[in-house]
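A.B. asks: Protein chains in written order, with the working numbering: chain A, 15 to 313; chain B, 15 to 313.
It is worth saying that the hints were derived from the structure and are not from the lab.
From a predicted model like this one, the values you see are computed outputs, not experimental measurements.
Quick reminder that beta carbons are idealized off the backbone N, C-alpha and C, glycines included.
There could be a bad hint or two in this list.
BS3-like mimics (lysine-lysine), calculated; alpha carbons at most 30 angstroms apart, straight line [to be verified]:
1. A:Lys308 x A:Lys27
2. B:Lys121 x A:Lys308
3. A:Lys214 x B:Lys121
4. A:Lys135 x B:Lys121
5. A:Lys121 x B:Lys305
Far from chain B, by Cβ distances over 10 angstroms, these chain A residues were calculated [said to hold, decoys possible]:
6. Ala70
7. Val85
8. Gln106
9. Glu130
10. Ser144
11. Gly147
12. Lys169
13. Val208
14. Gly246
Number of protein chains: 2
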Amino acid sequence: MEEKNNTIVIDGKAIAQQIKDEIKKEVSDIIDSGKRPPHLVAVIVGEDGASLSYVASKEKQSKEVGFTSSVYRFPNTIKEEDLINTIDFLNQDDEVDGFIVQLPLPKHINEQRIIERIDPKKDVDGFHPSNGGRMMYNMPAFIPATPMGITSMLKRSNIETVGKHCVVLGRSNIVGTPLSVLMSRNNSDTNCTVTLCHSKTQNLKEICLSADILIVAIGKPEFVKEDMVKNGAVVIDVGIHRIEDKTKEKGYRIVGDVAFEEVKNKCSYISPVPGGVGMLTVVSLLQNTLKAYKKEVYQ
Amino acid sequence: MEEKNNTIVIDGKAIAQQIKDEIKKEVSDIIDSGKRPPHLVAVIVGEDGASLSYVASKEKQSKEVGFTSSVYRFPNTIKEEDLINTIDFLNQDDEVDGFIVQLPLPKHINEQRIIERIDPKKDVDGFHPSNGGRMMYNMPAFIPATPMGITSMLKRSNIETVGKHCVVLGRSNIVGTPLSVLMSRNNSDTNCTVTLCHSKTQNLKEICLSADILIVAIGKPEFVKEDMVKNGAVVIDVGIHRIEDKTKEKGYRIVGDVAFEEVKNKCSYISPVPGGVGMLTVVSLLQNTLKAYKKEVYQ
């Protein structure tokens with residue numbers, strides 16, 4: 015962590031590396047004990063550039079920690095029934111601990127049907143409603159990667175959460191909604207009073223100013239300004255945007271949902287973009303896969 | 015609804031009757047069209063007085079609206095496997111649209127295993143994590159009875175919810191937690207900014223004072239006092255307690271989590287105890303059963 019005027023800029027990369035080192039050590043011990051390593055499978059349909067790059071990153075990082083990693087590739091034209099058959103096969107395969115189906119899927123495929131076809135026991139993305147509900151009821155569950163990464167980030171930065179007011183901006187299914195639930199659970203590393211804000215929220219500024227921990231996943235570049243943040247607050251930025259900037263060689267710069275430069279001096283902690291939350295997502299997937307291997311979530 | 019000093023005391027009984035009349039009409043039309051009526055089954059284990067009385071009320075109200083109602087009764091000594099077999103049988107039976115297993119169960123039975131064994135398609139109590147997760151992701155779902163009853167109460171009282179600040183006190187699995195999620199969903203009859211408070215919450219009074227809609231499910235008699243409520247707020251009281259009162263013939267009176275007499279004059283709307291939220295729970299179960307019959311949640 016780097017200090018600037020008493021503000022700690024959270025180093026997502028270092029935290030990610032720390033977790034990966036721990037996983038790697040554990041996998042190494044597993045192999046030394048004569049057992050097979052955890053096996054993560056990614057299913058990808060089509061040639062979407064972002065999807066290909068996510069899957070490549072998952073594959074690379076899986077291998078880094080010693081997992082077996084497989085990728086099932088299908089053309090955009092695959093029939094829904096054939097994808098369902100693949101899922102049924104992976105659900106049954108004892109040598110596969112967890113798998114993900116990279117989203118989005120082509121329009122002719124019912125995404126929700128696919129997600130709900132995955133055996134919750136192998137749903138290491140945590141997108142199956144059964145895992146969502148288990149998280150909500152504070153039962154063992156696979157937690158979606160971004161919310162999980164944020165709790166790891168807070169915990170490993172020794173940020174106090176119990177009883178704090180956590181304000182979450184944005185209620186998407188993959189970040190804001192599950193995160194708001196997770197942060198309110200009765201666990202030692204969460205246990206916040208949580209307010210979930212969204213497009214219909216009135217008095218947004220006032221609510222943000224009451225936040226001890228402000229988590230922004232609203233999808234608008236540099237939306238949160240200095241006058242929306244309480245002195246000493248923790249600010250976690252989930253957004254990532256490419257905005258035009260002719261002063262840069264590439265012609266753009268990467269920003270988050272928070273106006274970092276003006277907000278950072280008011281915070282006790284702030285997560286930057288890039289180099290913040292985004293570094294933790296694949297790591298969370300690896301943690302879920304290790305849990306699936308060890309049958310820690312479902313017996 | 016009864017007016018007192020401009021405060022409207024919500025009449026839970028009248029709302030419940032209104033909904034039951036609608037269900038009864040629909041069931042009557044179904045029968046007239048030559049189809050069988052919806053069929054709700056309650057499974058009860060043991061002789062717990064409260065459980066027997068809940069199940070009797072469910073049976074009675076089911077019959078009132080024209081449903082077929084069955085009760086499966088088992089002794090306290092039933093083996094978990096035998097209960098599982100019963101659930102598997104009910105899951106398969108095409109003549110059963112929905113069923114509930116009355117809680118609590120005897121200690122030798124793993125309650126969570128029983129709940130997760132119920133086919134989510136027939137889980138009209140909405141306690142299966144899969145229905146919890148679907149609700150969280152704003153997909154079609156069976157909503158648990160008390161949260162659903164509260165939304166019915168707000169809607170049928172024409173209380174504006176969109177963009178309002180809803181503060182929920184208490185994060186139980188059957189009320190506070192699912193309710194806080196439900197109230198924040200992007201639907202015309204919810205869509206609130208929601209703050210979920212619990213035992214670890216700091217500045218509880220201040221947060222309550224910021225509520226446009228205050229829903230109290232904290233399990234403490236008359237916990238919410240006048241000085242915790244904003245003028246003109248809507249107050250919904252989920253608690254129910256019997257407290258000693260020698261001035262009453264029975265030696266006790268029934269109160270909620272809200273100090274009704276002192277709070278009521280500050281509110282625009284308030285739900286009383288008894289005669290408030292409690293009147294809506296069985297009705298919500300009936301609504302879920304009708305939805306299950308019509309396959310409105312799962313195809």
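A.B. asks: So, for every hint listed, does it hold in this structure?
C.D. replies: Verification of the hints:
Using a Cα cut-off of 30 angstroms, the hinted pair Lys308 (chain A) and Lys27 (chain A) holds, with the two alpha carbons roughly 26 angstroms apart. Among the hinted pairs, Lys121 (chain B) with Lys308 (chain A) is consistent with the structure: their alpha-carbon atoms are about 28 angstroms apart, no more than 30 angstroms. Among the hinted pairs, Lys214 (chain A) with Lys121 (chain B) is inconsistent with the structure: their alpha-carbon atoms are about 45 angstroms apart, more than 30 angstroms. Between Lys135 (chain A) and Lys121 (chain B), the direct Cα distance comes to roughly 26 angstroms. Compliance with the 30 angstroms bound is thereby established for this hinted pair.
Our distance criterion of 30 angstroms between C-alpha atoms is met by Lys121 (chain A) and Lys305 (chain B), whose separation comes to about 28 angstroms. At the 10 angstroms boundary, the C-beta of Ala70 (chain A) stays outside the reach of chain B, the nearest C-beta of that chain being 28 angstroms off. Annotated as non-interface, Val85 (chain A) keeps its C-beta farther than 10 angstroms from every C-beta of chain B; the closest such distance is 27 angstroms. For Gln106 (chain A), the shortest C-beta to C-beta distance to chain B comes to about 20 angstroms, beyond the 10 angstroms cut-off, and the non-interface label holds.
With a closest Cβ-Cβ approach of about 8 angstroms to chain B, Glu130 (chain A) is found to fall inside the 10 angstroms limit, against its non-interface label. The Cβ of Ser144 (chain A) does not lie farther than 10 angstroms from every Cβ of chain B; its closest approach is about 4 angstroms, which violates its non-interface assignment. At the 10 angstroms boundary, the C-beta of Gly147 (chain A) falls inside the reach of chain B, the nearest C-beta of that chain being 3 angstroms off. No Cβ of chain B comes within 10 angstroms of the Cβ of Lys169 (chain A); the nearest lies about 16 angstroms off, and the non-interface call holds.
Once the 10 angstroms rule is applied to beta carbons, Val208 (chain A) is inconsistent with being away from chain B; the minimum gap is 5 angstroms. Interface exclusion of Gly246 (chain A) from chain B stands, the closest Cβ pair being 15 angstroms apart, more than 10 angstroms.
Violation of the numbered hints given earlier is confined to hints 3, 9, 10, 11, 13; the remaining hints are satisfied by the structure.
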